[in-house]
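So the chains spell out like this:
2 protein chains.
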Amino acid sequence: MPSTRIVIVGSGLSGGLLACMLARRGYDVTMYERRPDPRRAGFIGGRSINLALSCRGVTALQRVGLAETVLSDSIPMPGRLMHDASGALTYQAYSKDADDVIHSVSRGKLNMTLMDAAEASGVKIVFGHRCVDADLDAPAATLRDESSGSVVRAECDVLFGADGAFSAVRWQMQKTDRFDFSQYYLPHGYKELTIPPAEACGVDPARHGGFAMAPNALHIWPRGGSMMIALPNADRSFTCTLFWPFEGEMGFDHVTEHEEVLPFFEEHFGDAVTLIPDLVNDYMTNPIGSLATIRCWPWHAGGRVLILGDASHAIVPFYGQGINSGFEDCRVLDELLDEYAGDFEATFPRFSRERKPNADAIADLALDNFIVMRDSVANPAFLTRKRVEHALHALDAQRFTPLYNLVSFSNTPYAEAREIGERVIRVAEEIVQRIGVDEMRTMSDEALASSVRAFVESVT
Amino acid sequence: MPSTRIVIVGSGLSGGLLACMLARRGYDVTMYERRPDPRRAGFIGGRSINLALSCRGVTALQRVGLAETVLSDSIPMPGRLMHDASGALTYQAYSKDADDVIHSVSRGKLNMTLMDAAEASGVKIVFGHRCVDADLDAPAATLRDESSGSVVRAECDVLFGADGAFSAVRWQMQKTDRFDFSQYYLPHGYKELTIPPAEACGVDPARHGGFAMAPNALHIWPRGGSMMIALPNADRSFTCTLFWPFEGEMGFDHVTEHEEVLPFFEEHFGDAVTLIPDLVNDYMTNPIGSLATIRCWPWHAGGRVLILGDASHAIVPFYGQGINSGFEDCRVLDELLDEYAGDFEATFPRFSRERKPNADAIADLALDNFIVMRDSVANPAFLTRKRVEHALHALDAQRFTPLYNLVSFSNTPYAEAREIGERVIRVAEEIVQRIGVDEMRTMSDEALASSVRAFVESVT
Numbered sequence: 032m033p034s035t036r037i038v039i040v041g042s043g044l045s046g047g048l049l050a051c052m053l054a055r056r057g058y059d060v061t062m063y064e065r066r067p068d069p070r071r072a073g074f075i076g077g078r079s080i081n082l083a084l085s086c087r088g089v090t091a092l093q094r095v096g097l098a099e100t101v102l103s104d105s106i107p108m109p110g111r112l113m114h115d116a117s118g119a120l121t122y123q124a125y126s127k128d129a130d131d132v133i134h135s136v137s138r139g140k141l142n143m144t145l146m147d148a149a150e151a152s153g154v155k156i157v158f159g160h161r162c163v164d165a166d167l168d169a170p171a172a173t174l175r176d177e178s179s180g181s182v183v184r185a186e187c188d189v190l191f192g193a194d195g196a197f198s199a200v201r202w203q204m205q206k207t208d209r210f211d212f213s214q215y216y217l218p219h220g221y222k223e224l225t226i227p228p229a230e231a232c233g234v235d236p237a238r239h240g241g242f243a244m245a246p247n248a249l250h251i252w253p254r255g256g257s258m259m260i261a262l263p264n265a266d267r268s269f270t271c272t273l274f275w276p277f278e279g280e281m282g283f284d285h286v287t288e289h290e291e292v293l294p295f296f297e298e299h300f301g302d303a304v305t306l307i308p309d310l311v312n313d314y315m316t317n318p319i320g321s322l323a324t325i326r327c328w329p330w331h332a333g334g335r336v337l338i339l340g341d342a343s344h345a346i347v348p349f350y351g352q353g354i355n356s357g358f359e360d361c362r363v364l365d366e367l368l369d370e371y372a373g374d375f376e377a378t379f380p381r382f383s384r385e386r387k388p389n390a391d392a393i394a395d396l397a398l399d400n401f402i403v404m405r406d407s408v409a410n411p412a413f414l415t416r417k418r419v420e421h422a423l424h425a426l427d428a429q430r431f432t433p434l435y436n437l438v439s440f441s442n443t444p445y446a447e448a449r450e451i452g453e454r455v456i457r458v459a460e461e462i463v464q465r466i467g468v469d470e471m472r473t474m475s476d477e478a479l480a481s482s483v484r485a486f487v488e489s490v491t
Numbered sequence: 032m033p034s035t036r037i038v039i040v041g042s043g044l045s046g047g048l049l050a051c052m053l054a055r056r057g058y059d060v061t062m063y064e065r066r067p068d069p070r071r072a073g074f075i076g077g078r079s080i081n082l083a084l085s086c087r088g089v090t091a092l093q094r095v096g097l098a099e100t101v102l103s104d105s106i107p108m109p110g111r112l113m114h115d116a117s118g119a120l121t122y123q124a125y126s127k128d129a130d131d132v133i134h135s136v137s138r139g140k141l142n143m144t145l146m147d148a149a150e151a152s153g154v155k156i157v158f159g160h161r162c163v164d165a166d167l168d169a170p171a172a173t174l175r176d177e178s179s180g181s182v183v184r185a186e187c188d189v190l191f192g193a194d195g196a197f198s199a200v201r202w203q204m205q206k207t208d209r210f211d212f213s214q215y216y217l218p219h220g221y222k223e224l225t226i227p228p229a230e231a232c233g234v235d236p237a238r239h240g241g242f243a244m245a246p247n248a249l250h251i252w253p254r255g256g257s258m259m260i261a262l263p264n265a266d267r268s269f270t271c272t273l274f275w276p277f278e279g280e281m282g283f284d285h286v287t288e289h290e291e292v293l294p295f296f297e298e299h300f301g302d303a304v305t306l307i308p309d310l311v312n313d314y315m316t317n318p319i320g321s322l323a324t325i326r327c328w329p330w331h332a333g334g335r336v337l338i339l340g341d342a343s344h345a346i347v348p349f350y351g352q353g354i355n356s357g358f359e360d361c362r363v364l365d366e367l368l369d370e371y372a373g374d375f376e377a378t379f380p381r382f383s384r385e386r387k388p389n390a391d392a393i394a395d396l397a398l399d400n401f402i403v404m405r406d407s408v409a410n411p412a413f414l415t416r417k418r419v420e421h422a423l424h425a426l427d428a429q430r431f432t433p434l435y436n437l438v439s440f441s442n443t444p445y446a447e448a449r450e451i452g453e454r455v456i457r458v459a460e461e462i463v464q465r466i467g468v469d470e471m472r473t474m475s476d477e478a479l480a481s482s483v484r485a486f487v488e489s490v491t
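Protein sequence lines, in the order shown, are assigned to chains A and B.
With the first letter of the first sequence counted as 1, position 163 gets the number 194 in the working numbering; the numbers rise by one all the way through.
With the first letter of the second sequence counted as 1, position 21 gets the number 52 in the working numbering; the numbers rise by one all the way through.
Possibly wrong hints are sitting among the right ones.
If chains are identical, the list can't say which one is meant, so a pair holds when it fits in one copy or spans any two.
[What the hints assert, rightly or not] In the DSSO-like style, the derived pairs of lysine-lysine whose C-alpha atoms are separated by at most 27 Å in a straight line are:
no.: 1; residue 1: Lys206; residue 2: Lys222
no.: 2; residue 1: Lys127; residue 2: Lys206
no.: 3; residue 1: Lys155; residue 2: Lys206
no.: 4; residue 1: Lys387; residue 2: Lys206
no.: 5; residue 1: Lys127; residue 2: Lys417
no.: 6; residue 1: Lys155; residue 2: Lys140
no.: 7; residue 1: Lys222; residue 2: Lys387
no.: 8; residue 1: Lys222; residue 2: Lys140
Since the hints were derived computationally from the structure, they do not count as laboratory data.
This structure is a prediction, so every number in the text was calculated from the model and none was measured.
Let the sequences and hints guide you as you build the complete structure.
Put into structure tokens, the structure is as follows:
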């Protein structure tokens with residue numbers, strides 16, 4: 032019996048991991064990518080330089096034996112470090128457990144690792160081919176060679192669209208009757224800047240092991256309606272990302288001239304100015320990206336076609352779950368293929384039905400978390416509630432796992448995570464309200480923990 | 032000075048009215064339509080046979096002097112006539128005022144009237160040309176001659192997309208960055224059936240003036256999750272529309288064999304069975320349409336391109352406002368062109384900003400009204416609340432205009448109508464709750480009116 036022919040459109044992160052999994056199942060996998068091979072041409076990212084890999088992503092990578100390789104190059108971030116306008120710092124651990132960390136990983140390197148692994152498993156990757164059409168019935172993808180202009184039709188048994196937020200495969204599904212679809216943009220865009228290693232910006236290299244700031248944290252400059260963040264890179268640099276409104280007083284359209292950049296940053300992001308030597312030039316020349324949430328339904332056509340990752344559910348980056356949810360798609364699909372012994376007709380509807388509410392949940396949570404990051408993290412009442420959530424968690428890890436932990440440090444389906452996490456928030460809010468935020472702010476961790484214990488015992 | 036060149040894509044109802052208005056302003060208007068000329072080829076509707084024209088539509092037609100012509104062929108519907116499963120009828124007037132009626136109008140005839148009027152005003156209509164591309168900068172539309180396959184590029188000063196829910200002009204806008212878009216389908220589809228004039232279905236023609244049922248009403252067979260409606264036509268027939276779920280016990284997929292049709296209709300729509308002589312054949316052969324709500328933003332590109340009507344805000348048909356909102360777009364645009372002396376750069380942003388919240392409001396109201404029509408109209412508490420709303424309206428027409436009246440019998444912007452109407456609903460609900468629905472149900476109109484008056488006086 033000839034082996035099942037699989038075509039995957041898109042060799043990004045989700046496509047790469049999916050290819051590894053399917054090749055290991057013994058399928059004949061060909062992956063088409065519109066960009067040139069990044070291992071020869073240099074990585075051309077459509078997205079950010081680095082990303083935060085968390086439990087779901089790591090779990091999925093473990094399935095193909097790549098977790099250790101990927102994590103060996105990563106930088107653990109056990110918490111957030113907030114920079115206020117005066118440069119004062121506040122640290123907030125993500126969890127009561129020091130082992131609960133998110134991992135800063137290079138997007139380009141992760142992608143190349145997945146491509147190497149896919150090829151080693153027998154996947155054929157065809158670069159420089161853009162999907163221009165998809166036949167959802169055959170199924171087949173039509174691809175145009177970006178250099179010669181010639182067109183090939185790739186017939187297959189199963190077609191996957193792992194081709195990102197502007198998926199060409201989804202574009203064809205969108206033309207079929209009763210296809211639900213939405214794309215909503217934030218009024219905010221993003222722009223990347225670079226903090227080089229310590230010596231390049233006049234910081235004593237001994238201070239943070241060669242980094243210009245503490246490396247083991249996700250840095251945030253929360254400024255209400257806008258913010259800047261920075262994630263550490265393996266080369267001891269940081270990649271900063273501005274998340275600003277396109278318009279308004281804190282908006283990109285407010286700072287458009289060379290001479291406006293430095294004064295604006297000095298006022299709002301003062302402690303970062305000396306750390307970004309190329310600030311003015313980078314600000315003036317780096318592009319502004321836009322941020323969309325994309326939802327659609329259905330995700331599959333029979334057992335022939337499936338879209339996954341950003342192609343079926345692109346989200347905003349504020350929970351660091353874009354890639355983690357894409358990798359989780361791959362893991363869940365692989366598990367269902369085990370359960371249904373490779374029957375795609377049975378797998379795809381079940382996969383879509385199970386994953387859709389979870390994709391919707393993380394899309395909402397990611398939008399909510401933007402408010403948290405740019406605003407709430409600088410709010411004493413929020414920080415106190417977080418301490419109470421941690422105390423509840425320490426008291427009873429089963430009943431009181433906080434939302435952030437469930438999302439980032441567990442594989443609990445997102446919809447369930449949200450439900451549990453929101454209950455914990457309500458309990459924490461009730462405690463803060465009963466005891467009083469001013470009272471609690473000044474409590475030691477021990478005093479706070481015993482107040483929380485007393486409350487929980489009183490109501491159970 | 033050469034006259035401003037306008038291209039309108041789509042010669043449907045909104046396109047036709049817009050063309051009349053713009054030609055009267057002295058612009059050089061060309062309208063492209065993908066279908067052949069319905070006045071030669073026969074009308075090929077993409078949509079329903081008839082529609083309910085109400086105040087907004089009539090007001091817009093008055094601006095180009097067409098209201099009288101159109102209404103002369105229409106059938107007034109001052110209320111709803113509900114058919115229960117046993118065939119018993121309940122009438123519910125739309126308003127306390129007998130003059131407040133909606134008008135059943137032939138979609139095809141209305142379209143041809145608008146085309147005639149447009150041509151008489153100097154508009155050039157090019158049929159059989161499908162828009163395949165739009166250049167939002169030039170602006171220009173690229174159109175393919177459906178018979179020869181040849182392609183023309185229509186350069187212009189201002190391009191309008193009046194090309195419906197699957198607008199080709201919007202499709203191009205959708206490819207630009209930061210274009211918000213959503214299309215959501217109901218789980219319900221629709222199918223049309225015909226009740227011929229009285230004599231053809233064994234009803235005494237003297238009974239309803241040649242109609243098989245009372246002509247001056249919108250007939251509804253509310254059945255909870257699904258329903259049938261019927262609107263009268265000028266030829267004394269009725270067009271029935273089934274709004275059923277695609278799937279389920281009351282769904283289209285539940286009745287798929289010839290022999291299943293009659294028993295199902297006899298059980299659920301018993302009094303209609305004898306009135307639809309071709310029931311089984313029509314049911315088996317007529318297509319099932321789908322029902323989408325489409326929202327997007329922005330609606331314009333500079334002063335060069337604007338989409339309107341279903342192209343920018345397609346809604347479900349349950350408030351009968353699809354065409355009324357499209358015609359209102361034309362009226363508001365024409366008024367703004369007066370205000371800005373034909374400056375499209377100033378008009379388009381203002382138009383979009385003003386109309387968008389109103390389009391969103393009627394989209395929501397139309398979805399809500401499906402619940403009302405298929406379910407609430409058979410509910411005694413709802414009918415009592417409606418009586419209270421009418422009594423409030425009679426008491427103080429300024430303060431207490433009910434939602435239905437504001438939407439159907441006024442030109443109050445939809446968003447404002449919703450706000451006022453929902454306040455009136457809250458007052459009516461409070462009255463029903465205070466006095467008790469069982470008590471009120473049995474009250475005479477006079478007793479109910481005096482209870483309502485007493486309540487209002489007690490709280491003001």
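Consistency of the hints with the structure:
1. Within a single copy, Lys206 and Lys222 get their C-alpha atoms only as close as 33 Å, which misses the 27 Å cut-off; across copies the closest is 21 Å, which meets it.
2. With identical chains, the CA atoms of Lys127 and Lys206 are never at most 27 Å apart, being 48 Å at best within one copy and 45 Å at best between copies.
3. Taking the closest pair of Cα atoms, Lys155 and Lys206 never come within 27 Å of each other, the shortest separation being 30 Å inside a single copy and 31 Å across copies.
4. Taking the closest pair of Cα atoms, Lys387 and Lys206 come within 27 Å of each other both inside a single copy (20 Å) and across two copies (25 Å).
5. Taking CA atoms no more than 27 Å apart as the test, Lys127 paired with Lys417 passes inside one copy only; the shortest distance there is 10 Å, against 57 Å between copies.
6. Taking identical chains as interchangeable, the C-alpha atoms of Lys155 and Lys140 lie at most 27 Å apart only when both belong to the same chain, with a minimum of 19 Å there against 59 Å between chains.
7. Neither within a single protomer nor between protomers do Lys222 and Lys387 lie at most 27 Å apart by alpha-carbon distance, with minima of 30 Å and 30 Å respectively.
8. In the homo-oligomer, the alpha carbons of Lys222 and Lys140 lie at most 27 Å apart inside one protomer (21 Å), although the nearest pairing across protomers, at 55 Å, exceeds that limit.
When held up to the earlier numbered hints, the structure conflicts with 2, 3, 7 and fits the remainder.
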